[in-house]
Each structure stands twice: as C-alpha cells, then as structure tokens.
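K.L.:
Protein chains in written order, with our numbering: chain A, 14 to 255; chain B, 14 to 255.
No wet-lab data here; the hints were simulated from the structure. Misleading hints may appear alongside valid ones.
Identical copies go unnamed one by one, so any copy, or any two together, can satisfy a pair.
Stated by the list, open to error - Simulated pairs of lysine-lysine, DSBU-like, Cα-Cα distance not exceeding 30 Å:
| hint | residue 1 | residue 2 |
| --- | --- | --- |
| 1 | Lys202 | Lys82 |
| 2 | Lys152 | Lys87 |
| 3 | Lys233 | Lys55 |
| 4 | Lys34 | Lys182 |
| 5 | Lys33 | Lys87 |
| 6 | Lys233 | Lys196 |
Since we're looking at a predicted model, the values are computed, not measured.
Protein chains: 2
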Amino acid sequence: MVITSVNNDYIKEVNKLHQKKYRDESKTFIVEGDHLIGEAYKSGYLKEIITLENNLVKYDDIKTVYVTKEVMDKISEQVSSTNIIGICNYIENKDVNNNVIMLDSLQDPGNLGTIIRSAVAFNYNVVLGDNSVDIYNSKVLRSTEGMIFNVNFIKSNLLDFINEHNDYKYYIADMNRGINVKKINNIPKHGIIVGNEGNGISNEIRNMDLDYVHIGQNNKCESLNVGVAASIIMHELGDINE
Amino acid sequence: MVITSVNNDYIKEVNKLHQKKYRDESKTFIVEGDHLIGEAYKSGYLKEIITLENNLVKYDDIKTVYVTKEVMDKISEQVSSTNIIGICNYIENKDVNNNVIMLDSLQDPGNLGTIIRSAVAFNYNVVLGDNSVDIYNSKVLRSTEGMIFNVNFIKSNLLDFINEHNDYKYYIADMNRGINVKKINNIPKHGIIVGNEGNGISNEIRNMDLDYVHIGQNNKCESLNVGVAASIIMHELGDINE
Chain A
14 MVITSVNNDY IKEVNKLHQK KYRDESKTFI VEGDHLIGEA YKSGYLKEII
64 TLENNLVKYD DIKTVYVTKE VMDKISEQVS STNIIGICNY IENKDVNNNV
114 IMLDSLQDPG NLGTIIRSAV AFNYNVVLGD NSVDIYNSKV LRSTEGMIFN
164 VNFIKSNLLD FINEHNDYKY YIADMNRGIN VKKINNIPKH GIIVGNEGNG
214 ISNEIRNMDL DYVHIGQNNK CESLNVGVAA SIIMHELGDI NE
Chain B
14 MVITSVNNDY IKEVNKLHQK KYRDESKTFI VEGDHLIGEA YKSGYLKEII
64 TLENNLVKYD DIKTVYVTKE VMDKISEQVS STNIIGICNY IENKDVNNNV
114 IMLDSLQDPG NLGTIIRSAV AFNYNVVLGD NSVDIYNSKV LRSTEGMIFN
164 VNFIKSNLLD FINEHNDYKY YIADMNRGIN VKKINNIPKH GIIVGNEGNG
214 ISNEIRNMDL DYVHIGQNNK CESLNVGVAA SIIMHELGDI NE
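Please put together the full structure from these sequences, using the hints given.
P.N.:
What follows is the structure, given as structure tokens:
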C-alpha cells in the first residue's frame, strides 16, 4: 500500500515530530537520507522507514511505509528532495564515564553538531545544559554526520551536574582568562564548559569559582567559533593516545 | 533623496553583485549588517552604504544611499531584515609572509568562513586553490564574523604555489596517514593542505610526494568537520606564543 494523501493520519503524526514537544511525548525523532538512516540502523535506533514507492529499501526487518513524492516532500525538511526518512527511538544514554564537554545555553544547531562529532573523535561525553538547542533538531542531526548515534550525552542542569560529580576537574573556556590550554599537563578526568554564542558563560556558572582555560591567539581575532574552540580544547586535553 | 523603486538602475547594479561574475568585473562585494560594515570601515574597504531612510548612519565620510524597506529587502539575502548594506572594494592582499593554510577545492561557505576566522587567530595566511568556494560569497562573509578584513589571502593554483614557494614545508591533512599533529616539533614555515568535504585531496596534490599529518582520534569517528580539522592543526603548529 502506498500513502498518497498528505492528510493521512499517520503522515500527520509523523509531521508533528518536527516539533520538540511531540518528539518528547513520543520519544521518537526523524532522520533524513541514506547515511543517517544507515547509522541509525547499525545502532539499533531505527524504528520505521518512510520511503518512495519505487525505492529499493535495504532494511528488511524494519517496518516500511511507502508514500508518493508529494507526501515525502510534505514530511521532508531538506531543500533538495529526500527519498527516505527514518523514525528513530530516542537514544538511551549511559551515565557519563569519560571526560565531558558541557554546553551552557548553546544555541546554534550547527555548533552542537560540530561539537558532537568532535566529542566522539576525542572520547568526550556531552552534557547538554538547560536552554541548549534540542539535540534532535534536524539541523543538529545533519551536522553530526551520523555521530549522534555514537555519542554518549545527558541532559542536565550544569550546576546540578557539577555538584553531583565532584570527582571531575572543571574548566570554563574563555577568550581571555585562565591558563593556556597548551600548558595544561597530566589533566585528570575533567569537564570543559563552553558558553552561548552571543552571551558566553552564564553568571550562575561564573559564580562557581572554577578555573578558566583559553586558547592562545592573535589579538586581531575577536573570537573563535565556539564549535572550533571546544574541538581544539578537546583535542588538546582528551585521552586519545596513539 | 530616497530610492523607492526596485527597478532603479543603481539598485539593479547592486543586485548584480550577488553573482561572482559581476563582483569580479567591478571588484566590489556586498556585506550586510552593522558588524561587518563596521569592520569594513575600520579596514578602509567600505565604499558605499545603502540604508533605510530613517536609519541613523555613523559613517559620515562614506557615500550613503537611502532606500525604502521594499528596496532593501530586494537587495538583502538575509532571512531577517537588514537595515544597512555596504558595498566594499575587493581586498588587496600582500604576498604571503606567514604559515599558510591551503584549500584544495573546499566547497562549503561555512567551512571557509570558519577557516578564515581560525587563520586570523593562529597567524596563518590563506591560499584559495582553484575550484574553492568564492571568498566574497555572502555566506562565507557572514561566517567569517568580520575576519575577512583581517586575513591575508591569495588565490592560486596550489601546484603553482608549491612550486613557487620551495622554502615552505608542506603537509597534507589526512584522516589516517602521516604523522600525528601532536608529535611535530619545531616546525619551520609551513603550508597545510586541506581537501574537499566529500572527495578529500585531489590526485594532482597527492601525486606530489608531500608529507601527511593527521589528528589522533577515536576510530568510531568517521571524520572531523574540515573547518575543525584545519583549526586544530593551525592551533597545534602555528607560531602563537604566549
């Protein structure tokens, strides 16, 4: 059977998943395109596939719904046309067990995607603080390049996290303050806190009397992109040894 | 006088600057928003301003053209509305005199913007190889956060550049090959070559028998974002000392 109407009840339910509220209710989210769906499948999070009636689908054990191009275009958020969409279950996370990168009201989806990709590369878990962009936002998912299924992340108020994990050494990333990241040696298990793109670190974190770390740079540069800054610090302080 | 018609000849000429061909002909480009225009002014590249009739403009010595909101929206490429647009002269570049980051067919405007910002931070000049995205593309300009006016860049075929600058040590950035970037010490003046987002380094560069450098990472990560990878290597090998 092929769904031909954009007003079909199932399609309406799927379309609601573009909103965080409905994602949180159903504990499911949408991914688009072969690469992300392949990663979802490998990780065991792929629940259903929606695809064009003439598309050859490779995942025999996953419920597959066929739709017309008109219906697909109604669901897809991509500019160029998609021929496959996956519905995935929310990702179950383990307690943090590695170094962590902590996001204080990070807002840009591309920056979160970049940080997730680098966190996987450098063995960091991710702590999403309050007011950070939703990790299941479609732009975040695209910019993780599939690494969403390989990262261990938790959502937590950052103050609560710090109070509950007092075996970690914490650093606030700052433009100008603190130790140069290249001068830190033999750092134990640690958390690095990066702030909002416009406003930086919130006052409640600044008031906690934590140490600061900065990246040495030419003073002509007003600031690095926050995704880049976080990645540089994770590369420098992370536990990858080869 | 206020220009009220989107069909005004001057406005038509300005709109042509959204195309690379006309930018190259007139050697001018468009920037949008107060921040970029402020940076253009400070650097001496701001030629003209187009602004809304009721906008208080701060640059007395720059030719200013007033337009209606309808005309402004016709020129602007921003989703949210802009109230000021600048026409800038093409940037004059000096011969390269520092370390260089070399872009082999880099395509994504956001990645080029990120690399320019990091190049300023870590004292690198930028060599834009053939087939790289145009540096005056509006998305590139926005993502440089004004650093376009502080970077020294040249456009050059990369093979020609290498042949003409044989006092540089060259490294090709690669996922898996070559020396770990953390293990390079006392590196002299150098060029780092990063490749296209999808296809990596071109064969003509690979055939040159240069050394490779890689970033140590978890093998679960398929690849870092190219802007991030370039930034990490520039941070690691650059000449910022503090």
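K.L.:
Against each hint, give a clear statement of whether it holds in the structure.
P.N.:
Comparing the hints with the structure gives:
With identical chains, the CA atoms of Lys202 and Lys82 are never at most 30 Å apart, being 50 Å at best within one copy and 54 Å at best between copies. For the identical chains of this complex, Lys152 and Lys87 are neighbours both inside a copy (17 Å) and across copies (27 Å), given an alpha-carbon limit of 30 Å. Only between protomers do Lys233 and Lys55 lie at most 30 Å apart by alpha-carbon distance; the minimum there is 12 Å, versus 45 Å within a single protomer. Taking CA atoms no more than 30 Å apart as the test, Lys34 paired with Lys182 passes in neither setting, with 35 Å inside one copy and 54 Å between copies.
Taking the closest pair of Cα atoms, Lys33 and Lys87 come within 30 Å of each other only inside a single copy of the chain (18 Å); across copies the shortest separation is 33 Å, beyond that limit. In this assembly of identical chains, Lys233 and Lys196 lie within 30 Å of each other by CA distance both inside one copy and across copies; the values are 22 Å within and 28 Å between.
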